[in-house]
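Undergrad: Okay, here's what each chain looks like letter by letter:
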Amino acid sequence: MDEFNDNEIARLLRLKRYEQPPPAYFENFLHEFHRRQRDELLRQPLWRICLERAHNFMLQLDIRSLASYPTAVAAMLVCAAIFSLKVYQQPETARVASQSPLTLSVPVNSDQEWNLASPVSTQIFRTQPLRSFRESAQTHRAAPPRYVLDSVPVSYEPTFKF
Amino acid sequence: MDHALALPARRISDLLSSGLQARVKSKRQAMDQPRSDPDQDLVKRTQAGEASAFDDLVVKYTPRLYGLVYNMTSNHEDTNDLLQDIFAKAYKAIRGFRGKSSFYTWIHSIAVNMSLNFLKKRGRRFQLSLDDVDASIQNDKEFMEATATSSPVREADLSELQRRLNEAMMKLSEDHRAVVTMFHIQGMPHAEISKILRVSEGTVRSRLFYANRQLQNYLDEFRKNPVS
Amino acid sequence: MSPLSSSKRRAVVVFALAFCSGASLLFGQDQSATATISHQVREVFERAAKAVVKIHGVDKHSEICGTGFFVDPTGTLYTAYTVGGEAGNFTVEFGGKKCPARQLVADIRSGTAILKVDETTPALPIGKSDELEMAAPVISVGYPLDLPKTPNFGWIAGFDRKCLGRYFSTIHLRVNAPTQRGEAGAPLLNMKGEVVGIVVSGLENNAACYAVPIEAAEKIRSDFVRFGEARHGWIGVNNVSPASQQVEGSRAMVTQVAEDAPAGRAGLKEGDVLLEVGKKKISDPEDVFDASFYITAGDTVPITVMRGDQKITLQVQATMHPAAKTGMLLASPGTIPGVIPMSLDDDATPSP
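Quick mapping for you: the protein sequence lines, in order, are chains W, S and F. The working numbering applies: residue 1 is where the first sequence begins, and numbers increase by one. The working numbering applies: residue 1001 is where the second sequence begins, and numbers increase by one. The working numbering applies: residue 2001 is where the third sequence begins, and numbers increase by one.
Quick caveat, the hints were computed from the structure, so don't treat them as lab data. Don't take every hint at face value.
Between beta-carbon pairs, the in silico distance windows are [unchecked claim]:
| no. | chain 1 | residue 1 | chain 2 | residue 2 | range |
| --- | --- | --- | --- | --- | --- |
| 1 | F | Lys-2098 | W | Ile-49 | 30 to 38 Å |
| 2 | F | Gln-2246 | W | His-31 | 25 to 33 Å |
| 3 | S | Gln-1216 | F | Phe-2227 | 41 to 49 Å |
| 4 | W | Ile-49 | S | Pro-1063 | 26 to 34 Å |
| 5 | F | Thr-2120 | W | Leu-46 | 49 to 57 Å |
| 6 | W | His-31 | F | Cys-2020 | 50 to 58 Å |
| 7 | F | Gly-2165 | W | Arg-48 | 46 to 54 Å |
| 8 | F | Pro-2100 | S | Glu-1221 | 49 to 57 Å |
| 9 | S | Asp-1085 | W | Ile-49 | 15 to 23 Å |
| 10 | F | Lys-2162 | W | Leu-30 | 24 to 32 Å |
| 11 | S | Asp-1085 | F | Lys-2162 | 20 to 28 Å |
| 12 | S | Glu-1221 | F | Met-2320 | 27 to 35 Å |
Once the Cα atoms are required to be at most 25 Å apart in a straight line, the calculated SDA-like pairs of lysine to any residue come out as [stated by the list, open to error]:
| no. | chain 1 | residue 1 | chain 2 | residue 2 |
| --- | --- | --- | --- | --- |
| 13 | S | Lys-1141 | W | Gln-20 |
| 14 | S | Lys-1092 | W | Ala-75 |
| 15 | S | Lys-1089 | S | Tyr-1104 |
| 16 | S | Lys-1060 | F | Lys-2128 |
| 17 | F | Lys-2098 | F | Arg-2047 |
| 18 | W | Lys-86 | W | Arg-48 |
| 19 | F | Lys-2162 | W | Thr-159 |
| 20 | F | Lys-2060 | S | Asp-1134 |
| 21 | S | Lys-1060 | W | Asn-28 |
| 22 | S | Lys-1171 | W | Phe-83 |
| 23 | F | Lys-2050 | F | Cys-2163 |
| 24 | F | Lys-2098 | W | Pro-144 |
| 25 | F | Lys-2060 | S | Val-1058 |
| 26 | S | Lys-1060 | W | Arg-14 |
| 27 | S | Lys-1044 | W | Ala-24 |
| 28 | F | Lys-2060 | W | Asn-28 |
| 29 | S | Lys-1171 | W | Thr-159 |
| 30 | F | Lys-2128 | W | Cys-50 |
| 31 | F | Lys-2060 | W | Glu-32 |
| 32 | S | Lys-1171 | S | Phe-1222 |
| 33 | F | Lys-2269 | S | Glu-1145 |
| 34 | F | Lys-2060 | W | Gln-20 |
| 35 | S | Lys-1089 | W | Lys-86 |
| 36 | S | Lys-1060 | W | Glu-32 |
| 37 | S | Lys-1092 | W | Cys-79 |
| 38 | S | Lys-1089 | W | Leu-41 |
| 39 | F | Lys-2060 | S | Asp-1055 |
| 40 | S | Lys-1141 | F | Ala-2258 |
The beta-carbon is built from N, C-alpha and C at its ideal position, and this holds for glycine as well.
Pulled out of the complex, with its shape left as it was, chain W reads as follows:
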């Protein structure tokens, strides 16, 4: 084991531990993670969300054989049936639900040039508020801006050199 630890290469490699990202990076990471999670959910079509929920549900039941796509699809069909029954009782909601996918699928994190002509916020105001299953998806339609106030000043000097 000593041969692995005592040589020059090992020492130099150990010094690589000090190559670190800026301290603010780790603080920001969780924030970024949540933002991506929300973005991903918003970008997914409804059927996919249902499928994943059903899949997770099956996994919870601890019945491995059921955690397969055919079962998930069957479960989804059941959900869809229940949902459509509810929708049948509230026709306006259904109409709005079918119109809104376009606006919801605008990703905050798109590859297109971000320009002020089409900010996500105006897209939000165009949609009607939904009273159904989709409502929870609507509350996080776009990530709010990050209000800047870091917890430490960005500048720092590590050594007494000048």
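Fit chains S and F to the known structure of chain W by using the hints.
TA: Relative to the frame of chain W, chains S and F by itself:
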């Protein structure tokens, strides 16, 4: 932060009237997991639907996994993207985590595998995007020994060596880079590395030995021909 | 209880009267004191508010919001580096309208950024942060979260060179005023309404804040006017350690001088005890940061040292830090450009 969207649904066993079923299930899970898994509680709470428990796991493992992924990819931006993907994948897959290994091993496997896949796809087209060296290196015993003269020239030498080392690391194959990163930089013992990579300890040792020799050769070459 | 005698009753009444009038006097005074503070703060706020703006930008991850303020009538505005340094697509809200803004210069070492709006604008007068004393009252005006501009009032709690082991590039003003997210870049004003600092970060969950002295931003601006970029000077002192004894009020002993560097060439030697660097007095090694911050590459800096019994003043011509040119991996991170950026771009041109 509202996790309404990201919350897994509540355990069916909690909704069923038979609490006994729940107790039996949790006992079985507890027996499955290695007794000393310190993350057991957080994992269970995440599986039960408490998304903030997963946040704690993210915060705990980000620095460690950062080191692992960064030293394999030598690119900060790629590391950031990979880390996001790793935790996203872990979050999706955690419901199926049965605790046969510790969470530490499990998430490290995900990280290593995703990094290796990424590197294999990336191939030779890469750009170094290295992190700056943290100030605390000044307090490192080995660093102080290495630069312990009053001549600033030595520090420039060390810097050049580090740069060559980074280059040499990129010349190693991804699998060799992985073991070098885990053993020398992350300080993981052979046994842990073999569990994460699912290879024998002997394979880990021989990869390390080979990689060490390769790296030493590159550095020796540089010393003989310092002008690149 | 037996009833009080008439004289005792009289004493009680007199005492009660005295107590009540004393209390009302005090209460009245308190009221007028707080009314005065409130009045003064409101006055400063109302005068300054016109020149304080909300800044919108887009960085790598998301939209960002912060605060900034105009310092001249041609639309030059100061803000924190975390707002104006690594984002783009800036728009600035002031006087009921939104205008686009562009970045002129961003300097991570000072923690500041300068943007420009092509409009005629109100402006805040620049004050002097060295006139501030401990517990001096200060006001800030910022845009917290998505709320309208808000006055804040607090006290100078310290002139810090470091915090929790982390040295600042220059002395930072610590203010005991609760600050909210979105207020990075807010101006810190003295009671005359002059800008003495720029709020850059919160402290302890935003219960207090740090502000960079306005002189730091002015230095960057003056570099920009002269050279088009920030120019941090380097003279080549590699280490300053505490001397065992104080010499002429200073313990800052030079213990390492870089070879082939301005300080060495000007005659600075190891063992010299620093007394003054430029205009700043040195009394211990930590003072070196603040002093060196104001050195501009290309300028000649007078450095006074004690060598044995002799007091010597050397004229050192500062140059650009070598790391700025070569990007040495292990050079002191504080002097490598972009040292704590939110994104690390290997191809970024250095601007120290």
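Undergrad: For every hint, state whether the structure bears it out.
TA: Status of the hints after comparison with the structure:
no., hint, verdict
1, Lys-2098/F / Ile-49/W: 30 to 38 Å, "holds, 36 Å"
2, Gln-2246/F / His-31/W: 25 to 33 Å, "violated, 47 Å"
3, Gln-1216/S / Phe-2227/F: 41 to 49 Å, "holds, 46 Å"
4, Ile-49/W / Pro-1063/S: 26 to 34 Å, "holds, 32 Å"
5, Thr-2120/F / Leu-46/W: 49 to 57 Å, "holds, 52 Å"
6, His-31/W / Cys-2020/F: 50 to 58 Å, "holds, 56 Å"
7, Gly-2165/F / Arg-48/W: 46 to 54 Å, "holds, 48 Å"
8, Pro-2100/F / Glu-1221/S: 49 to 57 Å, "holds, 53 Å"
9, Asp-1085/S / Ile-49/W: 15 to 23 Å, "holds, 19 Å"
10, Lys-2162/F / Leu-30/W: 24 to 32 Å, "holds, 27 Å"
11, Asp-1085/S / Lys-2162/F: 20 to 28 Å, "violated, 37 Å"
12, Glu-1221/S / Met-2320/F: 27 to 35 Å, "holds, 33 Å"
13, Lys-1141/S / Gln-20/W, "holds, 18 Å"
14, Lys-1092/S / Ala-75/W, "holds, 19 Å"
15, Lys-1089/S / Tyr-1104/S, "holds, 15 Å"
16, Lys-1060/S / Lys-2128/F, "violated, 44 Å"
17, Lys-2098/F / Arg-2047/F, "holds, 20 Å"
18, Lys-86/W / Arg-48/W, "holds, 20 Å"
19, Lys-2162/F / Thr-159/W, "holds, 12 Å"
20, Lys-2060/F / Asp-1134/S, "holds, 23 Å"
21, Lys-1060/S / Asn-28/W, "holds, 14 Å"
22, Lys-1171/S / Phe-83/W, "violated, 56 Å"
23, Lys-2050/F / Cys-2163/F, "violated, 34 Å"
24, Lys-2098/F / Pro-144/W, "holds, 19 Å"
25, Lys-2060/F / Val-1058/S, "holds, 21 Å"
26, Lys-1060/S / Arg-14/W, "holds, 21 Å"
27, Lys-1044/S / Ala-24/W, "violated, 29 Å"
28, Lys-2060/F / Asn-28/W, "holds, 12 Å"
29, Lys-1171/S / Thr-159/W, "violated, 33 Å"
30, Lys-2128/F / Cys-50/W, "violated, 62 Å"
31, Lys-2060/F / Glu-32/W, "holds, 11 Å"
32, Lys-1171/S / Phe-1222/S, "holds, 14 Å"
33, Lys-2269/F / Glu-1145/S, "holds, 24 Å"
34, Lys-2060/F / Gln-20/W, "holds, 20 Å"
35, Lys-1089/S / Lys-86/W, "violated, 33 Å"
36, Lys-1060/S / Glu-32/W, "holds, 16 Å"
37, Lys-1092/S / Cys-79/W, "holds, 21 Å"
38, Lys-1089/S / Leu-41/W, "holds, 14 Å"
39, Lys-2060/F / Asp-1055/S, "holds, 22 Å"
40, Lys-1141/S / Ala-2258/F, "holds, 23 Å"
Checked against the numbered hints listed earlier, the structure breaks hints 2, 11, 16, 22, 23, 27, 29, 30, 35; every other hint is satisfied.
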